[in-house]
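Position chain B against the provided structure of chain A, taking the given hints into account.
Residue numbers (our numbering), protein chains in the order written: chain A, 1408 to 1836; chain B, 1408 to 1836.
No lab work stands behind these hints, which were simulated from the structure alone. It is possible that part of the hints are untrue.
One copy or any two copies: either way a pair holds, since identical chains are not told apart in the list.
[What the hints assert, rightly or not] Straight-line distance between alpha carbons at most 30 Å, and here's what the computed DSSO-like set of lysine-lysine pairs gives:
hint, residue 1, residue 2
1, 1528, 1565
2, 1703, 1495
3, 1528, 1495
4, 1714, 1528
5, 1425, 1528
6, 1674, 1714
7, 1528, 1669
8, 1425, 1718
9, 1683, 1703
10, 1669, 1703
11, 1528, 1703
There are 2 protein chains.
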Amino acid sequence: MVPHLVTALTGPLLDLEKRMLDGTAAIERWFRMAWQENTPPFYSSVDVRNAGFKLAPVDTNLFPGGFNNLPPDSLPLAVHAAVSAIDKICPEARSLMLVPERHTRNQFYLTNVTRLMQILKQTGLDIRLGTLSADITEPTQVDLPDGQHLLLEPIRRKGDRVGLEGFDPCAILLNNDLSAGIPDILRNLGNQVLLPPLHAGWAVRRKSHHFAAYDGVTESFAEMLEIDPWLINPYFDSRSGINFHERVGETEMADCVSDLLKRIQAKYDEYGITEKPYVVVKADAGTYGMGIMTVKSPEELLNLNRKQRNKMSVVKEGLEVSDVIIQEGVHTFESVNDSVAEPVVYMIDRFVVGGFYRVHTERGRDENLNAPGMHFVPLAFETPCNTPDCLGNPDAAPNRFYAYGVIGRLAALAASIELEQTAGAEVTA
Amino acid sequence: MVPHLVTALTGPLLDLEKRMLDGTAAIERWFRMAWQENTPPFYSSVDVRNAGFKLAPVDTNLFPGGFNNLPPDSLPLAVHAAVSAIDKICPEARSLMLVPERHTRNQFYLTNVTRLMQILKQTGLDIRLGTLSADITEPTQVDLPDGQHLLLEPIRRKGDRVGLEGFDPCAILLNNDLSAGIPDILRNLGNQVLLPPLHAGWAVRRKSHHFAAYDGVTESFAEMLEIDPWLINPYFDSRSGINFHERVGETEMADCVSDLLKRIQAKYDEYGITEKPYVVVKADAGTYGMGIMTVKSPEELLNLNRKQRNKMSVVKEGLEVSDVIIQEGVHTFESVNDSVAEPVVYMIDRFVVGGFYRVHTERGRDENLNAPGMHFVPLAFETPCNTPDCLGNPDAAPNRFYAYGVIGRLAALAASIELEQTAGAEVTA
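Same shape as in the complex, but just chain A (with noise of 0.2 Å):
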């Protein structure tokens, strides 16, 4: 079913790679005591990129969908990084709610939900579906493709509380990302663990407090590792009060882009790298792959078209976009059978469980995969991301995926400190 992967590195075999496998211990140690500090988010998801002279996060999710995608071999995984998150978090526990994503007309995201049900199970948890959707008044039973049933229960508040009919959980967990704002059935809950907490999700959280929280991991780390912060680390600005409607704030963006890109190919020069820079724009807040476009020159983004801006202006659940993040664009240099293929990698507490590659079959290695109607593969690691084979090539998979397993810790990391850092701002949102 999973076509065989070709990794084709068009770049020169990574350094980077090398100084990984070679410190191993020591970025095992450094994440230890770094957790030590920081509580990593519940769970995690983390678009890498691979530009063979670059490794790095471009997106970073705190609600991932697409557990079904992982490895088999990650299972297990998963149920062990869970077992300890609910220890932490919240060890007397015997119940939770998971909360999904409303559009519950989607199999694969549904799948999604029952791997995650049946790895909270085995961390000794009874688990029931509370969904947020309107449409939901009472419990309704969907069926999935692979003979396997749901069944999804309208959320009740009572005092301080939220639960279902006859079940009132210790914790809740949301794989809703609240991107249609918080809901107030979740505000100033009492006892009850919620996780992630509120201003995680799209309503409050900014890309660009990840990217800056990003920043300040990546130079401790590059310094541990004795590299240039750059290769791990993709430059970026932003800017709020944008309009793409009325054509407010265009100016300002493309001197922000043109900046940008000067950066990069000063960098580009530094390493003796060929390629073309370019830059990524994208709402500050959101997913999906919505408000988002790539950008090869400032020009660009004063002649947008009326579809370009009407394209940039919205989000997922129709929120406007009036901040924009401006990210360096790293380039996908793998591939497979021709197909352009990004890495994801999973998280659940603080170790990576497993990944998958998307592979896209229409689209180049400058463009956004993660898009509204693209239809990609999912590919599942070969192997796990903690078991880098240091006798063998510093690119065998083994020890490209512990790569990556590096890469997405440190964007977890990141998300930990950002959430540390934004801590109350749903008060106001």
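Then chain B, alone, in the frame of chain A:
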């Protein structure tokens, strides 16, 4: 390389396996709470026997060898579990000295040592090997069949710390069961972490203490799961002051055997089991299947010939046997191509990381499979132990392995309680 497993349970399908499957959430929560109260051993392996009507541990090893026999997919699980353990025990540690057994010529054992080093390195520790062998007076390289090498170095003491030349480890991990007694060089260490504690070694440890703790553990577990604790717990008794050479204590042992056989027969009658009860007489301290015999009637103990008495009187490293445990025999009703198979479950911290079968072609169902000169074939478990398939047959492989993992963890929990109860006993040993 590994033959395909043909599981041929001759007994009835275990109602017990079904109970465990239906009760996974409750079982996992029960363990979660138990591990809040008790510190798991750093690592352990448990010999489990499946009699069809009964599933029970017969031996719990706190210095497990055989990590090399685990399936490859247990490696990432082992890394996660070791990270958890190190996080908890010595989060700031940079380096660890692993102390292997002295029998350095056993290539299987040395491959186990390499595997352990590989796991520990991924927790972010510099690992080196310190040997207690008097033969090794300078760093000595040992070549392994797979082309890898190990460097064995003599342990040096400086004040209240031990280490190697140029290596002052933060922690010490024993993979040596101290059958030869507690070496003075390891006594009264200052602030170096020593795992497992000295009193976990066979110089101090007693199987009867372990199984007394296991009694308590299974009583509580059986109450939660509403099962008869006998289904997971072998009856046992112990006698001390025995001298096999001089035939001291024979009558007391025979009386004890008689009493145990009656109690087992009563249980067999209760469950309609037509097998013939037997007991196993073992040295209360020690390992490696020496000092062990199967007994079907009290008279057998009164008529031991010289050879049998010699065999029973000494265990590994020449230790004299004066204390014995007399334990209900649990038949092994699993087989692979007509050979008897005994499962062994491996744990690091509170996590089951994998397991394998000892498959032996020349032994019967009621014999000890861990004996000197036994050339078992390791048969790695096909699936992990923490991902039961709740929709599958209760006896499907993932479900059977889940049940083995539960029994393994109950024994590890008993070991944890045993070690708490016997703390400090090394002072007088």
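Outcome of the hint check:
In this homomeric assembly, residue 1528 and residue 1565 come within 30 Å of each other (Cα to Cα) only inside a single copy, at 25 Å, whereas the closest approach across copies is 50 Å. Taking CA atoms no more than 30 Å apart as the test, residue 1703 paired with residue 1495 passes in neither setting, with 46 Å inside one copy and 49 Å between copies. In the homo-oligomer, the alpha carbons of residue 1528 and residue 1495 lie at most 30 Å apart both inside one protomer (16 Å) and across protomers (24 Å), since each shortest distance falls under that limit. Neither within a single protomer nor between protomers do residue 1714 and residue 1528 lie at most 30 Å apart by alpha-carbon distance, with minima of 46 Å and 54 Å respectively.
In this homomeric assembly, residue 1425 and residue 1528 come within 30 Å of each other (Cα to Cα) only across copies, at 17 Å, whereas the closest approach inside a single copy is 39 Å. Neither within a single protomer nor between protomers do residue 1674 and residue 1714 lie at most 30 Å apart by alpha-carbon distance, with minima of 34 Å and 80 Å respectively. Taking the shortest alpha-carbon separations for residue 1528 and residue 1669, neither the intra-copy value of 51 Å nor the inter-copy value of 42 Å comes in at or below 30 Å. Taking the shortest Cα distances, residue 1425 and residue 1718 never come within 30 Å of each other, neither inside one copy (41 Å) nor across copies (54 Å).
In this assembly of identical chains, residue 1683 and residue 1703 lie within 30 Å of each other by CA distance solely inside one copy; the values are 8 Å within and 82 Å between copies. For a Cα distance limit of 30 Å, the shortest separation of residue 1669 from residue 1703 inside one copy, 11 Å, qualifies, whereas the shortest one across copies, 86 Å, does not. Taking the shortest Cα distances, residue 1528 and residue 1703 never come within 30 Å of each other, neither inside one copy (48 Å) nor across copies (44 Å).
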